[in-house]
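J.: As a plain string of letters, each chain reads:
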Amino acid sequence: MDHSGIVKSAKELGVGVAGLVLITFAAVRLGLQPGAVSLLYLIAVVFVSLRAGLVSSIAVSLVAVFLLQYYFVPLFSPPASKNPLAVVASLAFLVTAWVISAMVSRVRKMTEAQVTLRFEERLAERTRIARELHDTLLQSFQALMLHFQTASDMLPPGAAKEALEEALDHADQAILEGRNAIQNLRSSTSVANELAQAIASLGEELAGRDGNSRSAKLRVAVEGQPHALHPSLRDDVYRIAREALRNAFCHAQASGIEAEITYSERLLRLRIRDNGTGIAPGVLETGREGHWGLRGMRERAQQIGAQLEIWSQAGAGTEVDLSIPGSLAYAVSSSHGGFRIFRKRKKAPKDSGG
Amino acid sequence: MSTKPIRVLAVDDHSLLRDGIAKLLAAQPDMELVAEASNGREAIEQFRVHKPDVILMDLQMPEMNGVDAIIAICGEFPRARIIVLTTYSGDVQVLRALRAGARGYLLKNLLRKELLDTIRLVHAGQKRIPPDVASELAEHATDESLSQREIEVLRLISGGNANKEIAAQLSITEETVKGHVKNILSKLGANDRTHAVTIGLKRGIIDL
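First to last, the protein sequences are chains A and B.
The numbering used here applies: residue 1 is where the first sequence begins, and numbers increase by one.
The numbering used here applies: residue 1 is where the second sequence begins, and numbers increase by one.
Rather than coming from a laboratory, the hints here were simulated on the basis of the structure.
All C-beta atoms, glycine included, are put in the ideal place defined by N, C-alpha and C.
Hints should not be assumed to be uniformly reliable.
Pairs of lysine-lysine, BS3-like flavour, derived with a Cα cap of 25 Å [to be verified]:
| no. | chain 1 | residue 1 | chain 2 | residue 2 |
| --- | --- | --- | --- | --- |
| 1 | B | Lys202 | B | Lys113 |
| 2 | B | Lys164 | B | Lys127 |
| 3 | B | Lys202 | B | Lys178 |
| 4 | B | Lys187 | B | Lys202 |
| 5 | B | Lys164 | B | Lys182 |
| 6 | B | Lys23 | A | Lys217 |
| 7 | B | Lys127 | B | Lys4 |
| 8 | A | Lys161 | B | Lys187 |
| 9 | B | Lys164 | A | Lys109 |
| 10 | B | Lys164 | A | Lys161 |
| 11 | A | Lys161 | A | Lys8 |
| 12 | B | Lys113 | B | Lys23 |
If you want a taste of the chain B side facing chain A, the calculated C-beta under 7 Å gives, among others [unchecked claim]:
| no. | residue |
| --- | --- |
| 13 | Leu17 |
| 14 | Ala22 |
| 15 | Gln28 |
| 16 | Leu107 |
| 17 | Lys108 |
| 18 | Leu111 |
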């Protein structure tokens with residue numbers, strides 16, 4: 001056991017024993033029955049064995065047995081250590097505690113497995129959709145373009161031909177966007193944990209979209225220790241960021257765009273602001289949201305329990321502010337649950353395999 | 001221009017696309033579509049029968065893919081002139097096709113504007129690679145390429161598998177997988193696994 005392991009065990013042990021002493025103290029003051037006290041001990045021991053390592057759980061259980069025997073079961077007139085009944089009672093106590101903790105941890109593991117399974121199903125589904133879209137829709141459109149071209153070639157020069165050619169050029173663009181969207185759908189299914197990285201590459205893609213040099217520059221800033229996002233809302237956060245960036249790049253005519261990600265225990269906050277034309281107040285408030293995709297962003301935010309604020313003023317740019325409570329936003333490490341004092345926040349795994 | 005039309009074989013698993021090519025070629029006096037095939041195996045058979053001047057070859061097809069068909073055809077007929085038609089422009093995929101013996105490379109979104117010229121150029125003995133594809137090739141020309149195993153690992157990563165699952169599927173230890181992942185990240189210049197998958201898809205190292 002390394003140094004930090006010892007410190008951790010000592011901490012767990014300390015907290016566990018302190019809990020037991022507290023219960024004992026309260027029990028003595030309130031004059032609780034031994035039965036009630038053993039129940040409280042039982043709960044405490046179960047808690048400890050669920051959260052803490054093996055060594056500290058055993059130690060705390062033994063302390064509980066000791067306290068139980070010497071403070072609350074002097075009913076057995078011979079000394080507890082020589083009283084078979086007391087020994088049996090202690091053993092029963094220990095076994096019950098361990099059985100309960102084993103059951104609880106089993107149930108918890110099953111729930112975790114279910115969440116993982118649901119996520120994997122979503123992932124498989126997305127992959128399937130991407131492949132399907134690629135194989136059917138995209139390929140068919142590409143083929144149809146050839147048919148249209150043939151028809152256009154048959155037309156004599158004139159307004160009709162020009163109109164058709166122009167429409168075809170737009171269609172080319174649309175298909176290209178569709179192709180990129182499909183590719184993104186596919187790559188966002190993978191272990192997309194680095195939000196900053198995802199946003200930066202989104203920015204690159206959006207900036208390179210029309211291949212012009214006057215495209216805005218995106219700066220990505222990260223504050224705090226990056227955490228892995230919870231799989232169930234990772235894609236939604238990504239989509240909201242994407243829409244906000246798309247607005248900034250494509251509609252706002254901005255020259256500078258900033259994305260700021262703040263990781264704190266309490267909150268995950270993502271702010272994207274630009275210095276562009278801004279969204280007209282009417283569009284921002286009323287339903288006429290058209291191509292800004294504001295409604296979609298709001299709906300997504302609501303679905304995942306996030307707060308979304310959009311500030312904008314004509315000529316003064318736009319700021320999109322997404323904040324998600326930390327309890328929802330972050331992936332919880334798998335070995336420990338939500339019992340705060342024992343929980344050690346794991347660092348966002350960069351390369352630990354999802 | 002010679003009076004004999006250029007004889008073309010179109011290979012693609014989408015009949016609508018083959019139809020489109022047929023219509024486009026039918027309007028050209030100097031071209032003739034002599035046969036169609038919907039996968040690599042059929043392509044080889046049709047090639048043997050018709051000996052076309054130019055083959056238009058899709059890459060992702062069922063049964064036998066485009067690259068394997070190109071290798072087979074060029075092995076038998078080194079002078080075959082093959083133009084690859086594909087949706088994606090990843091440099092690794094391009095390189096694979098060119099190494100196999102393709103003479104031209106055309107993205108499907110450019111078909112309607114550039115197909116005819118490309119057919120004529122390649123038929124005349126030239127190689128034809130679009131500028132943006134060429135620049136992508138140049139950009140990665142000196143990169144170290146991924147080993148077969150690393151490509152396999154990358155494909156499994158893209159399926160959302162964790163290291164443990166990858167190890168189980170490939171019957172290797174998790175430590176070995178970690179080593180592969182490390183190499184993949186460094187060879188691709190990726191910051192993390194997702195980034196590696198994105199690069200892999202973009203460069204055609206793994207398929208969609």
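J.: Of all the hints given earlier, name the ones this structure violates by number, lowest first.
T.: Checked against the structure, the hints that fail are numbers 2, 6, 8, 10, 11, 14, 15, 16, while the rest are satisfied.
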